[in-house]
Each structure stands twice: as C-alpha cells, then as structure tokens.
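**Student:** Chains as they are written, first to last, in our numbering: chain A, 344 to 898; chain B, 344 to 898.
Simulated from the structure, these hints should not be mistaken for lab results.
Don't take every hint at face value.
For lysine to aspartate or glutamate, the following EDC-like pairs were computed, each having C-alpha atoms within a straight-line distance of at most 16 Å [to be verified]:
| hint | chain 1 | residue 1 | chain 2 | residue 2 |
| --- | --- | --- | --- | --- |
| 1 | A | Lys-831 | B | Glu-533 |
| 2 | B | Lys-831 | A | Glu-639 |
| 3 | A | Lys-644 | B | Glu-639 |
| 4 | B | Lys-666 | A | Glu-894 |
| 5 | A | Lys-516 | B | Glu-832 |
| 6 | B | Lys-711 | B | Asp-778 |
| 7 | B | Lys-800 | B | Glu-776 |
| 8 | B | Lys-448 | A | Glu-832 |
| 9 | B | Lys-644 | A | Glu-639 |
| 10 | B | Lys-831 | A | Glu-832 |
| 11 | B | Lys-897 | A | Asp-663 |
| 12 | A | Lys-521 | B | Glu-372 |
| 13 | B | Lys-711 | B | Asp-665 |
There are 2 protein chains.
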Amino acid sequence: MSLFQKHQTTLTEAINALHSRTFYAAFPEHPAPAVYGETADADGQARFKAMLGKKFEELRQSGAEGWAGQEESPYLQESLNVSYPTFSTSTLINRSSAAFHTWRKTSINDRAGILTESLERVKKRFFEVAYATMHTTGQGYMMAFQASGPHAADRALEAIAAGYEELNRFPAKAVWDKPMGKFNIQLNKEWRAVPKGISLVIGCSTFPTWNSVTGIYGSLMTGNSVIVKPHPGAILPIAIFVAEMQNVLAENNLDPNTCQLAVDTFDKMITKELAEHPDVKLIDFTGNSAFGSYLETLPGKTVFTEKTGVNSVILDSVEDIDKTAANLAFSVNLYSGQMCTAPQNFYVPQAGIKTPTGTVSFDEFAEKFVAQINGLVDNPKAGPFVLGAVQNKKTKERVTDAEKLPGKVWLISRSFENPMFKKARVATPVVVEVDSSKKEIFSKELFGPIALLIKTKNTDESIALAKEMALAHGAISCGAYTTDAAVKEKIADEMALAATPVSFNLTGGIYMNQNAAFSDFHVTGGNPSGNASFTNPEYVTKRFTWVGHREPVKV
Amino acid sequence: MSLFQKHQTTLTEAINALHSRTFYAAFPEHPAPAVYGETADADGQARFKAMLGKKFEELRQSGAEGWAGQEESPYLQESLNVSYPTFSTSTLINRSSAAFHTWRKTSINDRAGILTESLERVKKRFFEVAYATMHTTGQGYMMAFQASGPHAADRALEAIAAGYEELNRFPAKAVWDKPMGKFNIQLNKEWRAVPKGISLVIGCSTFPTWNSVTGIYGSLMTGNSVIVKPHPGAILPIAIFVAEMQNVLAENNLDPNTCQLAVDTFDKMITKELAEHPDVKLIDFTGNSAFGSYLETLPGKTVFTEKTGVNSVILDSVEDIDKTAANLAFSVNLYSGQMCTAPQNFYVPQAGIKTPTGTVSFDEFAEKFVAQINGLVDNPKAGPFVLGAVQNKKTKERVTDAEKLPGKVWLISRSFENPMFKKARVATPVVVEVDSSKKEIFSKELFGPIALLIKTKNTDESIALAKEMALAHGAISCGAYTTDAAVKEKIADEMALAATPVSFNLTGGIYMNQNAAFSDFHVTGGNPSGNASFTNPEYVTKRFTWVGHREPVKV
Chain A
344 MSLFQKHQTT LTEAINALHS RTFYAAFPEH PAPAVYGETA DADGQARFKA
394 MLGKKFEELR QSGAEGWAGQ EESPYLQESL NVSYPTFSTS TLINRSSAAF
444 HTWRKTSIND RAGILTESLE RVKKRFFEVA YATMHTTGQG YMMAFQASGP
494 HAADRALEAI AAGYEELNRF PAKAVWDKPM GKFNIQLNKE WRAVPKGISL
544 VIGCSTFPTW NSVTGIYGSL MTGNSVIVKP HPGAILPIAI FVAEMQNVLA
594 ENNLDPNTCQ LAVDTFDKMI TKELAEHPDV KLIDFTGNSA FGSYLETLPG
644 KTVFTEKTGV NSVILDSVED IDKTAANLAF SVNLYSGQMC TAPQNFYVPQ
694 AGIKTPTGTV SFDEFAEKFV AQINGLVDNP KAGPFVLGAV QNKKTKERVT
744 DAEKLPGKVW LISRSFENPM FKKARVATPV VVEVDSSKKE IFSKELFGPI
794 ALLIKTKNTD ESIALAKEMA LAHGAISCGA YTTDAAVKEK IADEMALAAT
844 PVSFNLTGGI YMNQNAAFSD FHVTGGNPSG NASFTNPEYV TKRFTWVGHR
894 EPVKV
Chain B
344 MSLFQKHQTT LTEAINALHS RTFYAAFPEH PAPAVYGETA DADGQARFKA
394 MLGKKFEELR QSGAEGWAGQ EESPYLQESL NVSYPTFSTS TLINRSSAAF
444 HTWRKTSIND RAGILTESLE RVKKRFFEVA YATMHTTGQG YMMAFQASGP
494 HAADRALEAI AAGYEELNRF PAKAVWDKPM GKFNIQLNKE WRAVPKGISL
544 VIGCSTFPTW NSVTGIYGSL MTGNSVIVKP HPGAILPIAI FVAEMQNVLA
594 ENNLDPNTCQ LAVDTFDKMI TKELAEHPDV KLIDFTGNSA FGSYLETLPG
644 KTVFTEKTGV NSVILDSVED IDKTAANLAF SVNLYSGQMC TAPQNFYVPQ
694 AGIKTPTGTV SFDEFAEKFV AQINGLVDNP KAGPFVLGAV QNKKTKERVT
744 DAEKLPGKVW LISRSFENPM FKKARVATPV VVEVDSSKKE IFSKELFGPI
794 ALLIKTKNTD ESIALAKEMA LAHGAISCGA YTTDAAVKEK IADEMALAAT
844 PVSFNLTGGI YMNQNAAFSD FHVTGGNPSG NASFTNPEYV TKRFTWVGHR
894 EPVKV
C-alpha cells in the first residue's frame with residue numbers, strides 16, 4: 344500500500360472539511376492518556392530533557408559547517424544548550440535547488456502521501472514538541488501541546504488538502520475539438536502545475552510550528568523545495584517536524600534536503616541573505632510589521648506575511664456582563680497576551696453597556712473586567728497555566744511602560760508564582776483607561792498583556808475606531824458584544840470592509856484568540872496585518888503556475 | 344424570470360468548460376449572416392459610420408465636465424472625430440465609491456445575471472464593435488470581429504463563470520459543532536466574500552475589448568465597482584461595451600456608475616492619477632513593461648498586468664518543412680505582428696532542421712520562410728486582410744530600424760495596397776538573421792512585424808536561449824517543432840519552468856498567436872511578461888477577501 348493509499352481517507356475528509364467548514368480535526372487536541380498512551384507524556388518529557396545540553400543530530404543534512412543554538416527557557420530563564428548544524432546560505436540554496444528538480448517531478452499523490460505520513464510521525468512526538476514549545480515560547484503546557492502539536496498538524500493537513508485539491512482542479516490532459524464548419528481543429532492539450540522554486544519559511548518566537556507548517560506543507564505539496572528558517576529563540580519544536588519530514592523523504596528514496604532546517608543566531612541572522620537570494624521564489628513570514636513589509640517589497644518573490652495588528656473589542660450590549668467580562672479576561676490572560684489574535688483595544692461607550700437588567704457604566708465594567716483578570720491570575724490551579732511565561736524580555740518592559748500611559752491605570756502588572764517554575768519570567772495584564780480622543784496611544788500594537796479600555800461617545804464611534812485601526816494598522820481578530828440585530832449587522836459589515844473577522848458575543852469556553860483549522864481563515868490578507876490567509880485557495884495557488892502546452896492531434 | 348434564471352444554462356456550461364477545458368464558445372465566432380442576420384454586417388457598418396464626427400452620447404454618466412476624443416483610423420490615417428464625455432478623477436472616484444456600496448450588496452446571482460445580459464446586448468452590436476476596432480487598432484475585419492466581439496465576450500463570460508464559482512466555493516453559513524467531552528461548543532459561522540473596492544481597468548491600443556473585459560467582468564462579478572480607462576487611441580469598441588453594461592444596470596435600478604468610462608487624451612493622461620488614488624484597490628493593465636512594472640510597485644493595490652515579452656520558436660525537426668514555414672509565416676503576418684503572442688525569435692540550429700526527407704539547412708529554411716511570407720502578402724485575396732494596418736507610427740519606424748540590425752536581412756519590409764483603404768498605414772514583415780552570440784539584439788521585444796532568425800549551435804542552445812529570454816524578459820507564447828519525443832519533453836519541461844506555454848508542431852489553420860477562452864490560460868503570470876493570467880482561480884480570488892464571522896448558537 345502506498346503512503347497515498349494509507350492516508351487517502353484522511354485527505355478526503357480534510358478536503359470535505361475545507362468545504363463544509365464544519366468542525367474537523369485529524370489529530371486529537373487533548374493530551375489524554377487514553378488517546379496518546381499512558382506513558383506518552385512522561386516519555387515525551389524524558390526525551391525532551393535528554394535533548395538538553397546536546398547537539399540535535401536528527402537532521403539528515405550532512406556536512407555541518409558549524410553548530411549553534413541560543414534558545415533559552417522563559418520558565419527557567421536559562422539556556423537550553425541545544426545546538427543545531429549550521430550551513431552557509433550557498434550550501435542551503437544549492438542543496439535546495441538540487442532537491443527541487445526531483446521533488447517537483449514526484450507525483451501529486453506521492454507528495455500528498457509523504458507529507459501526511461510525516462505528520463503521523465510527528466504525532467508520536469507531540470509531547471516532546473509540547474515541552475520544547477513551553478521552554479522556548481513560554482506557552483503553558485496545554486497551549487504548547489495543542490498549538491504546536493495537533494492544531495499545527497491540522498493546519499499542515501489543511502494546507503496539504505488545499506494544495507492537493509488545487510493541483511487536481513484542472514485536468515492534466517484534454518482534447519480540444521473545435522468545429523470549423525467543414526472540418527474540426529483538434530488539439531491535445533496538457534496543463535502542468537509548475538512549482539515556483541525554493542520556498543523560504545521564516546518562523547516566529549511565539550508559535551514556532553503552528554505559524555510555519557502551513558507555509559512548509561503548502562509549498563511542499565505544490566512541488567517546491569523548502570528552507571525552514573526558525574526564529575533563533577524557538578528552534579527545537581520545528582526541528583522535530585523537519586527531522587521527521589526528512590526521515591520520511593529518505594525512506595522514500597527522496598532527497599532529505601527537499602526540506603532543510605536553516606539555523607542562525609541572534610548575532611548573525613541569515614534571514615535577509617536567504618530572502619534576497621534570487622533562487623528563493625516564495626517567502627512565508629510571521630513576525631513584526633517592519634520586516635514583513637520589507638519582505639513584501641522584494642522584487643520577483645511571492646510573499647505570504649502575517650504581521651502585527653491592533654485587535655479590538657466592541658462592547659455595545661450584552662446578555663450577561665459577568666460572563667462577558669470573564670471571557671474577555673481569559674482572552675487577555677491567555678499566554679500573557681502574546682497571541683496575534685489577543686484583544687488590545689476595548690471600546691466601551693461613555694454611557695455604558697446595555698444589559699437586560701439595566702446599563703452597566705464604564706467604571707462598573709472596568710471593575711468587573713479587572714476583578715475577572717485577578718480572579719483568574721490568583722487561581723493557583725488555573726492562572727499560572729493560562730498565563731504561561733513571557734517569551735521576550737522586551738515584552739515585560741512594554742508592560743511596565745504601559746503603566747505610564749496618560750490615563751487611569753485600572754490594574755497594574757504584577758508577578759505571581761508558577762508552582763513548577765520558580766524562576767519563570769511572568770507578567771500579569773495591565774489595564775489602562777484611555778479617552779477615544781487620544782488616538783496616538785491606541786493606534787499601534789502593544790504586544791503582550793496590555794488592555795486599553797477606550798471610552799467612546801457611543802457604539803458608532805467604537806465601530807468607526809475599530810474599523811479605522813484595522814484598515815490603518817491591521818487586525819487579525821475582533822470581538823463584539825451586542826444584543827441588537829441592526830448593530831450586529833453594522834459591525835459585521837463595517838469590519839468585513841476592514842477584512843477583520845468578528846467573534847460575536849463569546850462567553851464560556853471559546854475565545855476570540857482561537858482560530859480553527861478547516862473552518863476559520865486565519866488572517867484574511869485584506870488589511871495591513873498580513874497579505875495572506877490560512878488557508879484560502881490563494882494560499883496554495885500562488886505557490887505554482889499553470890502552464891498549458893498543446894499540439895495537434897495526429898490523424 | 345430573473346436575468347440569472349435567463350442565463351443560468353450558459354453560466355453552468357461556462358463553468359463546466361472552465362474545468363473540462365475542452366472547446367466551448369457561447370458566442371459564435373463567424374460573422375455569418377445565418378448566425379447574426381442577413382443585414383447585421385451592413386447595419387453595423389452603417390451605425391459605426393453614423394457615430395463618426397459626433398459626440399458619443401450613449402453613456403449614462405451625467406454632467407460631462409468636458410468632451411474629448413483623439414482616435415484615428417490606421418486605415419484612413421485620419422481622425423474619427425468621435426468625442427466622449429470626460430470627468431475629473433475626483434468625480435470618477437466619488438461616483439465609483441457611491442456605486443460600490445450598492446453593487447457589493449447586490450446578490451451574486453443578480454450580479455451574474457446582469458453581467459451576462461450585458462454580453463447578450465453587446466452581441467447585437469458585434470459588427471459595430473468590429474468596425475470600431477478596425478478603425479482604431481488597424482486589425483483586419485475578421486480579427487476585429489472575432490477578437491473584439493465573440494472572443495472577448497467569451498473571455499468576459501469566462502471571468503463571470505470563474506468569479507461565480509469562487510464566490511460559491513465556500514458555504515455562506517455553517518454550524519461548527521465541536522465535541523468537548525461532556526459538552527459541545529456550537530458556533531454559527533458565516534463567510535462573506537468582501538470585494539476590495541474600486542477597480543481600475545486600463546486598456547491597450549491593439550486589443551481594446553479582449554484585453555480589458557476579463558478585468559472588468561472579473562471585478563464586477565466579485566462585487567467591485569469599475570472604472571474603465573481605455574487607451575486614448577482605442578476607445579469606441581469598449582465604450583460600446585460600457586454603454587450596454589450601463590443600460591442593463593439602469594434597467595435593473597442599479598447605479599450606471601458601477602461601471603464608468605474614463606476617457607482621456609494623449610496630452611493629458613489621467614491613468615497615474617487614477618491608479619495612485621488610495622480608493623483604487625484593484626488595477627488591471629495591458630501595455631508596456633515600464634508602466635506595468637510601475638503599477639506593480641504601487642503600495643496597497645492588487646495589480647494584474649499583461650506586459651511585453653519575447654516570444655520564441657524552437658525549430659528542431661519537422662514532419663513537413665513547407666507546412667511549418669507556412670504556419671509560421673502566417674503567425675508573423677497576422678495583424679502585422681502586433682499581437683502579444685506573435686513570434687519574434689526563431690531559433691534554427693546551424694546544422695539545419697531535420698525532416699523525413701533529409702536535413703533542411705538554415706538558409707533553405709530562411710528561403711522557405713521568406714517565400715511563404717511573400718506568398719501571403721502578395722495574395723490580394725488574403726494578404727491585406729491578414730496583415731491589416733499598423734496601429735502606431737512608432738511600430739513602422741521600428742520595422743524600418745530592424746533592417747539596420749547587424750545581420751543578413753533576408754526580407755525587407757515593404758508596402759502593399761489595401762484594395763479598400765488606399766491610405767492604410769501598412770508594413771510587411773522584416774526578416775533578419777542574427778547569430779546566437781549577439782544576444783543584445785534579440786533580448787528585447789521588437790513589437791511589430793519583425794522576425795529574427797537566430798542561428799544556434801544546436802537545439803539545446805535554442806531551448807536554453809528561449810528559456811533565458813522568457814525568464815529574463817517574459818514570454819506569452821512559444822512555438823516548437825520537433826518529431827523527437829525526448830526533445831519535446833525537454834522543451835515542455837524547460838519552458839514550463841519559464842512559465843511559457845508551448846504550441847508544438849502547429850500546421851494548418853491554428854497558430855501560436857491564438858488563445859482560446861475556457862481552455863488556454865492566457866499569460867501564465869509566472870514570468871516578467873505579466874503577473875496575471877486569463878483566467879485562473881487567482882484572477883478572481885484576488886478581487887475579494889474571505890471574512891468569517893462567528894457567534895455561539897443560542898441554546
């Protein structure tokens with residue numbers, strides 16, 4: 344049985360899910376012993392610990408030109424001391440070019456089979472990946488497992504499915520038979536989906552696998568060779584993915600360099616050198632807007648970016664103000680606000696928020712919001728695990744700076760004790776009140792656990808500001824609370840024009856930060872927060888070119 | 344019956360044809376009296392003549408701020424004296440912005456019905472359009488009828504069909520039902536295809552409708568409002584399309600400004616002003632590379648270009664050298680080489696071309712090629728109608744300059760008499776021999792009836808040069824003649840990597856210049872000749888953004 348046959352059902356289900364957009368997951372998201380095995384967690388943790396302080400020798404990239412690695416655990420605030428083989432840009436490019444010509448001629452079905460198989464292999468290592476993610480990104484255990492393991496694998500499968508479908512969307516061959524009156528012109532036509540070349544996937548420090556696998560698998564599925572350039576602060580999680588990919592490639596007599604890992608260090612980054620190389624035709628990037636915008640201007644490249652944005656919450660009227668405040672408090676606490684989908688600007692009308700039992704004033708809402716944040720932080724069974732640790736020192740500084748903003752500070756950031764990691768770099772949310780006239784304060788992303796309560800004249804101003812922020816500075820997510828159908832449609836319409844998806848009236852166990860594979864288009868590509876979306880048809884069609892040849896039918 | 348219901352069968356057939364890629368045409372290409380009516384041609388010609396020297400008052404764009412028009416007939420070498428209403432950029436933009444918000448809320452089915460109906464209306468005016476095309480572009484009668492009439496309408500329908508399919512590709516709504524163990528999270532999700540805004544379609548002087556309608560109909564189908572900016576030298580053909588579109592819009596109580604005509608003059612072009620306006624989000628352009636490349640760099644725009652290229656013919660081995668020479672001679676003569684798909688560089692090995700009856704030397708082929716060109720030019724029943732007239736004076740100058748190239752001139756350009764238009768601006772092909780080492784000569788587009796016979800070391804060098812030209816300077820079409828399967832696959836593979844479609848071994852009544860709607864992707868978008876293709880999925884998906892909203896299911 345070929346790998347394609349082995350995984351055909353999964354692939355078919357994934358393509359169906361892409362179109363039904365109902366719930367579908369190929370990889371169970373809960374790290375339950377019943378699913379992943381009684382000892383899976385302990386084994387994974389042991390394997391992770393065994394990697395520390397050593398060379399990562401799993402890659403099938405021969406002839407290392409050096410070894411380097413500067414990852415540091417935000418939980419321990421000490422180095423992992425894992426080192427990876429390093430290679431010059433020319434070695435990486437030459438190997439990728441060579442691998443490209445074999446890989447592009449590998450059949451669509453074989454590519455799909457190999458790629459899906461690699462995800463099955465990684466599935467056996469989800470716990471290792473989870474611990475590697477915790478100790479590079481600072482994510483809590485549950486998020487680290489889900490986001491870097493099953494959710495990332497689902498996103499990767501989504502990219503395989505989307506690519507597979509697009510590659511099969513037009514026939515490989517057809518006879519074109521044109522009646523000309525007394526005779527027919529008959530042409531044999533064929534169409535080739537020609538991959539673009541070398542694909543560079545640039546990772547970020549907070550979601551090292553989830554944000555990278557769509558580009559990696561999207562490019563590979565469509566026949567491109569890939570160079571994965573992780574963030575120097577978060578290598579290990581994606582290194583495990585690449586190692587398993589290389590294993591499956593080698594087992595199938597293909598060049599492991601079809602998907603290479605390109606490690607660099609903070610003091611000598613090779614990203615620009617790789618990105619500007621003329622043989623690199625595709626670039627996927629997650630990270631800051633300045634670098635993303637620079638990449639978008641590189642001539643002769645197809646670039647997919649997810650940059651920064653200013654995410655808004657519009658509060659108009661609610662069914663239950665306490666549940667609303669609790670939901671939003673969770674969104675702000677989750678991974679200490681270090682998600683690209685985390686809310687930052689909360690627009691509350693000066694007249695307050697309408698509820699079935701009367702209006703809740705701006706101040707009353709602020710109090711409830713702060714109380715819910717504190718309640719979660721101070722819950723020792725939940726807080727430390729929801730907040731996790733802060734990936735970057737600069738994020739902590741930004742939180743401290745936010746307390747100096749000109750406005751009432753409703754909540755200052757503080758520390759708390761993580762029972763498992765005493766030295767963890769932590770910061771709880773800061774909440775500051777800002778008047779809607781002080782646009783310069785809230786017109787930029789303040790990455791981290793920073794919430795601004797913006798007092799607006801009314802909901803119309805709230806909507807206008809949320810739309811303006813999205814159009815001018817980007818937005819990846821938006822929350823809105825209203826019980827009024829007309830207001831709801833206005834928000835839906837105005838934010839749609841700003842290409843921002845809106846989560847309405849979320850309470851309970853679902854948050855505006857979360858984006859589901861096969862159902863949510865993550866980043867629309869329609870505002871400055873990014874020019875690409877996971878995973879609409881463009882996300883894969885731009886990775887190859889349709890070329891049609893033709894020849895008269897022989898008579 | 345709604346317009347959608349009226350045209351539903353056509354739309355379904357068109358979508359099927361997009362996927363089967365077999366022959367399909369909704370609009371008969373032959374101007375036969377049996378199809379279009381006994382008096383259709385004479386009536387069309389009369390209506391065209393009645394327009395000359397007058398104001399074009401058919402547009403439903405009120406309050407003209409001026410009247411202008413500088414079209415000149417290449418057949419008569421005199422002005423048409425047709426003037427069109429002109430408007431300032433701000434008027435055009437303001438009207439387009441206002442129309443956008445109504446049009447984007449018009450249902451997908453209504454948009455499809457209205458757009459298809461407008462093509463049915465234009466069908467009644469194909470002969471007028473044909474004469475208008477002849478007397479602006481210089482095309483021969485048959486090409487003017489086919490390219491500007493039925494073929495353009497088929498391409499427009501293709502864009503409608505592609506847009507319609509993409510807009511319906513994902514459900515408008517779905518319930519996302521995620522099992523969480525003890526309970527389920529249920530979200531109502533909805534997805535909106537949000538148009539980008541104002542679409543600017545910039546026309547060219549040689550194919551004023553065929554090259555513009557895909558952008559116009561692609562943008563309108565996906566909900567954008569459109570401003571059509573024709574080339575000042577070729578307005579009337581597309582003005583008729585726009586007028587009929589406005590009629591159908593008005594009849595359906597929609598704003599005719601949803602699709603506006605923006606006329607300018609050679610001395611005061613408004614293209615840049617329109618293109619750079621921040622409200623213009625989409626730009627379609629056909630024309631020279633310099634302006635196209637400038638448009639591609641404009642920030643915040645989605646740009647679709649068809650620019651220039653260097654089209655090659657690779658001659659390796661043939662079944663019949665005379666039929667080959669005849670086919671290529673026709674391609675060079677057709678519309679005096681003024682097609683973006685016309686061949687320019689003919690690569691012939693120094694050892695000659697293999698045939699079943701022995702090798703034909705370079706010189707023998709040159710003689711046969713020249714003889715075939717002369718035979719067609721000197722055939723009074725065919726030549727003048729195939730060659731047509733030369734649109735632009737500069738093209739004639741370029742042909743004259745080509746005779747001074749350093750190489751043997753196998754054929755000089757000359758004049759001939761068009762029996763119907765004594766004053767026509769005409770030029771027959773010039774054929775010059777160039778050595779493959781003189782790359783600087785053939786590394787650029789020499790627009791017009793200019794053929795370079797390039798003597799190469801062998802077919803491998805021919806392939807390498809054709810590929811290099813396409814990668815460096817773009818190519819829209821390629822011809823190749825070989826009877827060797829391995830050589831054929833090498834050409835197919837190498838030119839595919841240069842994103843250039845190859846027509847193999849064409850003889851008889853089909854030419855490498857021709858591109859069929861629903862079957863050929865015109866311009867692949869993968870080399871410098873343009874970044875867009877008629878009509879792959881990207882061509883329409885880039886005109887809108889998917890935005891998904893969600894809300895918990897009420898329990």
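**Student:** Quickly compare the C-alpha distance for B:Lys-897 and A:Asp-663 to 16 Å and report which way the hint goes.
**Tutor:** holds, 13 Å
**Student:** Is the Cα-Cα distance between B:Lys-831 and A:Glu-639 16 Å or less?
**Tutor:** violated, 37 Å
**Student:** Hinted pair, alpha-carbon criterion (16 Å max): A:Lys-644, B:Glu-639. Please report holds or violated.
**Tutor:** holds, 12 Å
**Student:** Is the Cα-Cα distance between B:Lys-666 and A:Glu-894 16 Å or less?
**Tutor:** holds, 15 Å
**Student:** Below or equal to 16 Å on CA atoms is what counts here, so check B:Lys-448 against A:Glu-832.
**Tutor:** holds, 13 Å
**Student:** Need the status of pair B:Lys-711, B:Asp-665: alpha-carbon distance at most 16 Å?
**Tutor:** holds, 7 Å
**Student:** Between the alpha carbons of B:Lys-711 and B:Asp-778, is the straight-line distance 16 Å or under?
**Tutor:** violated, 19 Å
**Student:** Are A:Lys-831 and B:Glu-533 close enough, with their CA atoms no more than 16 Å apart?
**Tutor:** At roughly 13 Å apart (the allowed maximum being 16 Å), B:Glu-533 and A:Lys-831 satisfy the hint.
**Student:** Holds or violated: are the alpha carbons of B:Lys-800 and B:Glu-776 at most 16 Å from each other?
**Tutor:** holds, 14 Å
**Student:** Between A:Lys-521 and B:Glu-372, is the straight-line Cα distance small enough, at 16 Å or below?
**Tutor:** holds, 11 Å
**Student:** Need the status of pair A:Lys-516, B:Glu-832: alpha-carbon distance at most 16 Å?
**Tutor:** Holds, at about 15 Å.
**Student:** Would you mind confirming whether the straight-line C-alpha gap from B:Lys-831 to A:Glu-832 stays at or under 16 Å?
**Tutor:** violated, 58 Å
Violated hints, in rising order: 2, 6 and 10; the structure is consistent with all others.
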